[in-house]
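Enquirer: Single-letter residue listing:
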Amino acid sequence: MQERVKKPQFDVVGTRPVRPDGVDKVTGRAKYGADLKMAGQLVGKVLRSPHAHARIKSIDVSKALALPGVKAVVTAEDFPGQPSEFIPAGEGVVNYRDMTSNVMARAKVLYEGHAVAAVAALNEKTALAALDAIKVEYEVLPHVIDEMEAIKPGAPILHEDMITTGVTPAPTKASNIAKRVEFVLGDAAKGFGEADLIVEREFKTKAVHQGYIEPHACLASASEDGSAELWVTTQGHWVVRAYCAKLLGWEIGKIRVTSSEIGGGFGGKTVVYLEPLALALSKKTRRPVKMVMSREEVFKASGPTSGGTVKVKMGVKKDGRITAAEAEITLQAGAFQGSPVQPACMCAFANYDLENVKVVGYDVVSNRPKVAAYRAPGGPISTYGVESVVDEIAEKLGMCPIELRLKNAAKEGTRAAYGPKFGPVGLIECLEAAKESDHWKAPLGPNQGRGLAAGFWFNIGGETTVSLQLNEDGTLTLMAGTPDIGGLRASLCMMAAEELKMDVSKIRPIIADTSSLGYNFLTGGSRSTFSSGMATVEAARSIVKQACGRAAKLWDIPEEAVTFEDGMIRPAGENAGKHKPMSLSDIAKVAGKTGGAIVGYAAISAQGAAPSFGVHIADTEVDPGTGKVTVTRYTAIQDAGKAIHPSYVEGQYQGGAVQGIGWALNEEYIYGADGKLQNAGFLDYRVPVASDLPMIDTIIIEVPNPRHPYGVRGIGETPIVPPMAAIGASVRRASGVRFFELPMSPPKVLKAMKAAGKA
Amino acid sequence: MRYEKPTTVEAATALLAGQGARVLAGGTDLLVQIRSRILNPDVVVDIKGIDTTRKITKDTSGYTIGAAVTGAELKEHPTLSKDWPGLVEGANLIGSTQVQGRASLGGNLCNGSPAADSVPAMIAAGAVATIAGPKGTRTLPVEDIMLAPRKLALTAGEFIVSFKIPARPAHGGDAYLRFIPRTEMDIAVVGCGVALALDAGGTCTAARVALGAVAARPLLVEDGAKALIGTKVDDAALAKLEAAAKAACKPIDDKRGTVEFRIDVAGTLAKRVAKIALERARKV
Ligand SMILES: Cc1cc2nc3c(=O)[nH]c(=O)nc-3n(C[C@H](O)[C@H](O)[C@H](O)COP(=O)(O)OP(=O)(O)OC[C@H]3O[C@@H](n4cnc5c(N)ncnc54)[C@H](O)[C@@H]3O)c2cc1C
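Protein sequences, first through last, are from chains U and Y.
Anchor point for the first sequence: position 380 equals 380 in the numbering used here, and the numbering is continuous, going up by one each time.
Anchor point for the second sequence: position 117 equals 117 in the numbering used here, and the numbering is continuous, going up by one each time.
The hints are simulated quantities; they were obtained by calculation from the structure and are not laboratory data.
Just so you know, not all the hints are guaranteed correct.
Computed list of lysine-lysine pairs in BS3-like fashion (alpha-carbon distance at most 27 Å, straight line) [said to hold, decoys possible]:
| id | chain 1 | residue 1 | chain 2 | residue 2 |
| --- | --- | --- | --- | --- |
| 1 | Y | Lys271 | U | Lys754 |
| 2 | U | Lys501 | U | Lys545 |
| 3 | Y | Lys5 | Y | Lys164 |
| 4 | U | Lys206 | U | Lys313 |
| 5 | Y | Lys271 | U | Lys748 |
| 6 | U | Lys57 | U | Lys25 |
| 7 | U | Lys108 | U | Lys676 |
| 8 | U | Lys206 | Y | Lys271 |
| 9 | U | Lys441 | U | Lys758 |
| 10 | Y | Lys135 | Y | Lys82 |
| 11 | U | Lys758 | Y | Lys271 |
| 12 | Y | Lys250 | Y | Lys151 |
| 13 | Y | Lys151 | U | Lys751 |
| 14 | U | Lys63 | U | Lys31 |
| 15 | U | Lys748 | Y | Lys250 |
| 16 | U | Lys751 | Y | Lys240 |
| 17 | U | Lys204 | Y | Lys255 |
| 18 | U | Lys758 | Y | Lys240 |
| 19 | Y | Lys246 | U | Lys758 |
| 20 | Y | Lys275 | U | Lys758 |
| 21 | U | Lys754 | Y | Lys246 |
| 22 | Y | Lys5 | U | Lys751 |
| 23 | Y | Lys135 | Y | Lys75 |
| 24 | U | Lys758 | Y | Lys255 |
| 25 | Y | Lys164 | U | Lys751 |
| 26 | Y | Lys250 | U | Lys754 |
| 27 | U | Lys751 | Y | Lys75 |
| 28 | Y | Lys283 | Y | Lys240 |
| 29 | Y | Lys5 | U | Lys125 |
| 30 | U | Lys396 | U | Lys758 |
| 31 | U | Lys751 | Y | Lys246 |
| 32 | U | Lys31 | U | Lys254 |
Every beta carbon over 12 Å from chain U, so not counted as near; a handful from chain Y, in silico [said to hold, decoys possible]:
| id | residue |
| --- | --- |
| 33 | Ser36 |
| 34 | Thr57 |
| 35 | His77 |
| 36 | Thr130 |
| 37 | Arg150 |
| 38 | Gly157 |
| 39 | Ala215 |
| 40 | Glu222 |
A virtual CB, placed ideally from N, CA and C, is assigned to each residue, including glycine.
Given the sequences, and given the hints that come with them, work out the whole structure.
Expert: Structural data, given as structure tokens:
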């Protein structure tokens with residue numbers, strides 16, 4: 001394998017120490033969103049729409065307020081109206097008018113489960129009784145669930161002012177299409193003209209939920225003086241603070257938000273639902289208000305990711321060189337615009353070095369909960385279609401799917417259809433590793449098949465602040481602001497330990513609250529180890545510099561004459577050997593006398609995030625009598641740049657693969673003709689359970705990111721991108737049938753196998 | 001809501017004859033339904049204080065299994081799994097280890113779900129329920145107890161005290177399989193129980209075939225039994241069994257499976273279950 005950056009040797013980075021948050025998690029001491037309690041707290045509950053689409057004619061809360069023990073009720077009237085404008089927020093944009101209308105319905109309810117009112121009461125029973133006592137008069141409207149139905153002329157319109165953007169001339173009539181996006185490279189028509197083989201297919205995927213085990217939960221306490229505290233399970237408490245301040249019209253600096261431990265987010269905890277309601281109820285009652293969603297509420301009212309329709313057309317030469325690629329991607333946004341159609345389009349052909357590409361996307365609203373980010377938002381959907389077509393091309397050409405991909409793989413210098421040229425990337429290395437793996441060469445049993453697919457994700461950097469305090473005894477306190485979902489604290493401590501040549505167990509990390517640290521954008525876009533790691537390294541280097549300065553003071557020599565080597569601060573140059581070297585601990589002990597506390601602080605906007613490519617191999621066995629697909633072996637291969645703590649990198653690969661397997665085989669939002677969700681629980685919304693899966697094997701590839709001090713790339717999202725196509729390709733070979741729709745659940749598989757004479 | 005734990009059958013039937021009373025066995029259905037506000041009984045009558053609901057006894061005529069005996073206890077019994085492995089497997093499929101510590105045969109049947117896992121196995125084994133009521137005790141075959149979803153043949157004040165399972169025939173075997181999209185923690189899309197007996201020459205002399213989750217109630221498939229009796233349970237007999245099982249189904253389309261799918265899988269499972277029962281019968 002080609003070494004692109006000289007790989008330094010590390011003492012700590014790349015090892016597997018015990019995670020600092022582990023003990024409290026396995027003993028139950030760790031505090032998650034619902035674990036926080038305050039004296040005098042009230043219970044908050046939300047009244048939700050029973051209808052998929054209805055006009056709210058009136059809301060009468062008087063009977064609820066009259067119940068003993070009910071302390072307050074809020075409705076949309078308690079939140080100021082917001083203008084419709086799009087404001088950049090990290091990876092996407094937000095529109096505060098939509099956000100406030102989503103947390104509390106205004107004029108219309110747009111999906112079953114849409115919040116209509118919220119109550120605060122002395123206990124849960126009273127709060128539930130209060131919900132029953134609120135009288136809402138609805139005028140039920142026709143609804144539309146499917147995205148392809150929603151774009152048909154005559155479909156019920158959700159927003160009477162929605163004019164499709166990205167189309168010239170602009171349409172004159174409202175529709176459910178919020179926007180059209182387009183990415184073009186070269187000339188697709190010309191490319192198809194040069195092709196020996198063209199494959200054109202249409203794929204359909206269903207809305208799927210992130211399925212985090214911990215439901216949304218928060219505890220809010222608003223003071224008489226206008227300040228407020230909020231404890232919440234979230235991927236980004238600075239973002240929660242900004243959203244709540246905006247929706248309530250409060251000052252940002254007066255709200256202090258603390259993130260709890262988080263029981264999974266996967267993108268779904270980057271938005272607000274309960275938080276502004278809890279703060280508003282607390283302000284009204286002057287008591288702390290705790291709110292926790294039920295699982296049913298999580299499914300019905302928090303964001304899944306889009307289902308969609310993906311049309312893919314690709315042309316190749318006989319030798320496997322792809323000459324042109326086209327896709328049309330229509331994604332569900334839920335009730336408000338903002339599906340991940342843009343990244344879906346950008347990811348679609350990112351695996352390949354192509355000359356002629358055209359991708360068009362549509363963002364479509366329908367009567368479903370507003371989608372939220374879910375691991376590589378949009379990427380898995382478009383990639384499922386594209387990688388399935390690539391697999392079919394390999395089959396039709398009689399080529400090995402790895403060779404076909406190697407022939408076209410994106411590499412350093414490839415211009416992606418969405419604009420940029422890639423720096424050093426590891427797709428070729430992943431494909432080579434797949435080819436060499438035991439898995440790829442292993443024999444298969446009867447009714448078994450093997451499939452492979454590749455995947456890509458951009459990854460981001462962004463605003464990040466880290467503070468390191470060198471304590472009096474030489475231990476270190478690390479404060480980061482990106483909530484730790486996947487082993488972040490361990491990785492940050494390791495990078496600090498590497499820089500400071502310290503024992504990693506001497507470093508104690510916390511995720512600091514919004515009043516203790518400068519701004520941090522949320523944990524998302526696979527940015528936290530990359531960005532907070534970069535800030536940690538910068539802060540650690542500042543500690544070294546300060547410590548050297550203190551030694552210089554003590555030794556009365558110039559600062560430049562002091563070096564930090566092998567964990568010791570030493571006089572250098574002509575002073576070398578003249579003073580006894582000091583450890584950081586020695587300096588820490590005299591910090592008070594040499595200028596005060598030693599604190600390393602880095603407030604950065606992390607630049608240079610690099611994409612991560614991955615390749616997954618899936619073996620499945622299909623039961624011809626029932627259509628049931630069992631995953632028998634699975635390997636996830638991915639470029640990490642540099643794995644700081646390999647166990648947590650592997651954990652991300654495995655977790656993403658498992659979520660993708662669920663998406664491929666059984667998970668789906670199922671709606672009845674009444675527009676209501678039929679499977680709002682883990683019984684009928686089937687995430688894989690442990691016994692459904694083989695051990696997910698992993699291979700970590702390391703093509704360092706030259707823009708990170710340790711070569712780190714984001715790795716958390718790519719692993720969910722390849723699984724659906726890998727499983728699809730595998731099922732194709734196991735069953736003899738190619739599927740174009742997810743999930744490949746037993747009834748569909750059996751029916752298709754019967755039709756093909758294979759069952 | 002009142003909680004009562006009578007220690008005699010008479011006291012229990014008296015309580016149950018009152019308004020809004022509900023039997024509590026393991027509570028793995030009842031408590032879930034109360035908490036999710038589906039049921040709101042006035043009186044919860046815990047039958048676990050009554051000795052006969054909690055014991056397994058064995059004599060020459062077979063087993064008497066208390067209606068509130070848990071899945072874990074069925075499994076731990078020294079001989080029951082040897083004599084009626086399919087019945088125990090069906091009961092042990094219910095939920096998880098935790099649920100197994102509570103869930104009972106009586107609760108599984110009386111919850112009134114056509115998908116209950118232990119019920120087809122009980123029907124195949126020829127289980128008969130002993131029912132106590134204000135007017136005394138009566139017996140009813142298990143296949144006659146559930147009439148429709150949530151609807152039972154029990155009348156006011158009645159409850160099931162125990163189940164009588166016949167002694168296993170000399171060369172007898174039973175089995176139960178269910179189809180679920182996952183491997184555990186799921187509800188049967190189709191369930192099938194088969195019990196059969198062979199003569200010394202290996203010819204099937206008796207058979208009972210039962211299906212769950214393919215109609216409004218668990219089904220005893222008489223034609224399935226006919227397909228097997230008098231044969232060596234060979235491929236031809238299994239093909240007839242498959243056809244009979246499919247013909248008996250009257251399923252619905254729902255989020256868990258289509259009509260077509262349930263019928264196909266019922267046929268597949270019937271064959272597979274009969275083969276396992278046959279293997280078992282040959283071994284004893
Ligand atoms: C996590 C979980 C997983 C589950 N998985 C499965 C599964 O895989 N398969 C499956 O079949 N079920 C499953 N169940 C449902 C349930 O566990 C079973 O139906 C169980 O057998 C019920 O028994 P119980 O003793 O807990 O009944 P209870 O909850 O005590 O009672 C159930 C109902 O029957 C009535 N009743 C109970 N005993 C009698 C009696 N002797 N006479 C008259 N009426 C009576 C009660 O009034 C109540 O209406 C699951 C439940 C949970 C919570």
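Enquirer: Hint by hint, note whether the structure agrees.
Expert: Results of checking the hints against the structure:
The suggested pairing of lysine 271 of chain Y with lysine 754 of chain U holds, with an alpha-carbon distance near 18 Å, which does not exceed 27 Å. Taking the CA atoms of lysine 501 of chain U and lysine 545 of chain U, the gap is about 14 Å. The hint holds against a cut of 27 Å. Taken as a hint, the lysine 5 of chain Y and lysine 164 of chain Y pair is honoured in the structure, with Cα atoms around 24 Å apart against an allowance of 27 Å. For the proposed pair lysine 206 of chain U and lysine 313 of chain U, the alpha carbon gap of about 21 Å is at most 27 Å, so the pair holds.
At roughly 22 Å between alpha-carbon atoms, lysine 271 of chain Y and lysine 748 of chain U fall within 27 Å of each other, so this suggested pair holds. Between lysine 57 of chain U and lysine 25 of chain U, the direct Cα distance comes to roughly 47 Å. Violation of the 27 Å bound is thereby established for this hinted pair. Distance check on the hinted pair: lysine 108 of chain U and lysine 676 of chain U sit about 16 Å apart at the alpha-carbon level, within 27 Å; holds. For the given pair, lysine 206 of chain U sits about 34 Å from lysine 271 of chain Y by alpha-carbon distance, which is inconsistent with the 27 Å threshold.
A distance of roughly 26 Å separates the Cα atoms of lysine 441 of chain U and lysine 758 of chain U; the hinted pair therefore holds under the 27 Å criterion. In summary, the hint linking lysine 135 of chain Y to lysine 82 of chain Y is not supported, as the alpha carbons are separated by about 37 Å, beyond the 27 Å threshold. The straight-line distance between the Cα atoms of lysine 758 of chain U and lysine 271 of chain Y is roughly 18 Å, inside the 27 Å bound, and the hint therefore holds. Proximity of lysine 250 of chain Y to lysine 151 of chain Y is assessed by CA-CA distance (about 17 Å); at most 27 Å being required, the pair is judged to hold.
With a C-alpha separation of about 33 Å, the suggested pairing of lysine 151 of chain Y with lysine 751 of chain U is violated against the 27 Å cut-off. Proximity of lysine 63 of chain U to lysine 31 of chain U is assessed by CA-CA distance (about 36 Å); at most 27 Å being required, the pair is judged violated. For the given pair, lysine 748 of chain U sits about 20 Å from lysine 250 of chain Y by alpha-carbon distance, which is consistent with the 27 Å threshold. For a cut-off of 27 Å, the pair hint linking lysine 751 of chain U to lysine 240 of chain Y stands: about 22 Å separates their Cα positions.
Taking the CA atoms of lysine 204 of chain U and lysine 255 of chain Y, the gap is near 18 Å; set against the 27 Å cutoff, the hint holds. Distance check on the hinted pair: lysine 758 of chain U and lysine 240 of chain Y sit about 21 Å apart at the alpha-carbon level, within 27 Å; holds. For the suggested pair lysine 246 of chain Y and lysine 758 of chain U, the alpha carbons sit about 19 Å apart, so the restraint of at most 27 Å is met. Using a Cα cut-off of 27 Å, the hinted pair lysine 275 of chain Y and lysine 758 of chain U holds, with the two alpha carbons roughly 22 Å apart.
The straight-line distance between the Cα atoms of lysine 754 of chain U and lysine 246 of chain Y is roughly 15 Å, inside the 27 Å bound, and the hint therefore holds. Our distance criterion of 27 Å between C-alpha atoms is broken by lysine 5 of chain Y and lysine 751 of chain U, whose separation comes to about 51 Å. Distance restraint check for lysine 135 of chain Y and lysine 75 of chain Y: the Cα-Cα separation of roughly 34 Å exceeds the 27 Å cut-off, and the hinted pair is therefore not satisfied. A threshold of 27 Å between alpha carbons decides the hint, and for lysine 758 of chain U with lysine 255 of chain Y the separation of about 25 Å falls inside it, so the pair holds.
Restraint check for lysine 164 of chain Y and lysine 751 of chain U: not satisfied, since their Cα atoms lie roughly 41 Å apart, outside the 27 Å limit. Restraint check for lysine 250 of chain Y and lysine 754 of chain U: the C-alpha separation of about 20 Å stays at or below 27 Å, so the hint holds. Only pairs whose Cα atoms come within 27 Å are accepted, and lysine 751 of chain U paired with lysine 75 of chain Y is rejected, the gap being roughly 37 Å. A C-alpha spacing of about 24 Å is found between lysine 283 of chain Y and lysine 240 of chain Y, which places the hinted pair at or below 27 Å, so the restraint holds.
Distance restraint check for lysine 5 of chain Y and lysine 125 of chain U: the Cα-Cα separation of roughly 26 Å lies within the 27 Å cut-off, and the hinted pair is therefore satisfied. Restraint check: the Cα-Cα separation between lysine 396 of chain U and lysine 758 of chain U comes to about 20 Å, which is no more than 27 Å; the hinted pair holds. A hinted pair counts as satisfied when its Cα atoms are at most 27 Å apart, and lysine 751 of chain U with lysine 246 of chain Y qualifies at roughly 15 Å. The straight-line distance between the Cα atoms of lysine 31 of chain U and lysine 254 of chain U is roughly 24 Å, inside the 27 Å bound, and the hint therefore holds.
For serine 36 of chain Y, the shortest C-beta to C-beta distance to chain U comes to about 9 Å, within the 12 Å cut-off, and the non-interface label is violated. Once the 12 Å rule is applied to beta carbons, threonine 57 of chain Y is consistent with being away from chain U; the minimum gap is 35 Å. For histidine 77 of chain Y, the shortest C-beta to C-beta distance to chain U comes to about 25 Å, beyond the 12 Å cut-off, and the non-interface label holds. For threonine 130 of chain Y, the requirement that its beta carbon stay farther than 12 Å from each beta carbon of chain U is met, with the minimum near 32 Å.
Its beta-carbon lying about 17 Å from the closest one in chain U, arginine 150 of chain Y satisfies the requirement of being farther than 12 Å from that chain. With a least beta-carbon separation of about 31 Å from chain U, glycine 157 of chain Y lies farther than 12 Å from that chain, consistent with its non-interface assignment. In this structure alanine 215 of chain Y is separated from chain U by more than 12 Å, as the shortest Cβ-Cβ distance comes to about 18 Å. Its beta-carbon lying about 24 Å from the closest one in chain U, glutamate 222 of chain Y satisfies the requirement of being farther than 12 Å from that chain.
This entry does not satisfy hints 6, 8, 10, 13, 14, 22, 23, 25, 27, 33, going by the numbered hints stated previously.
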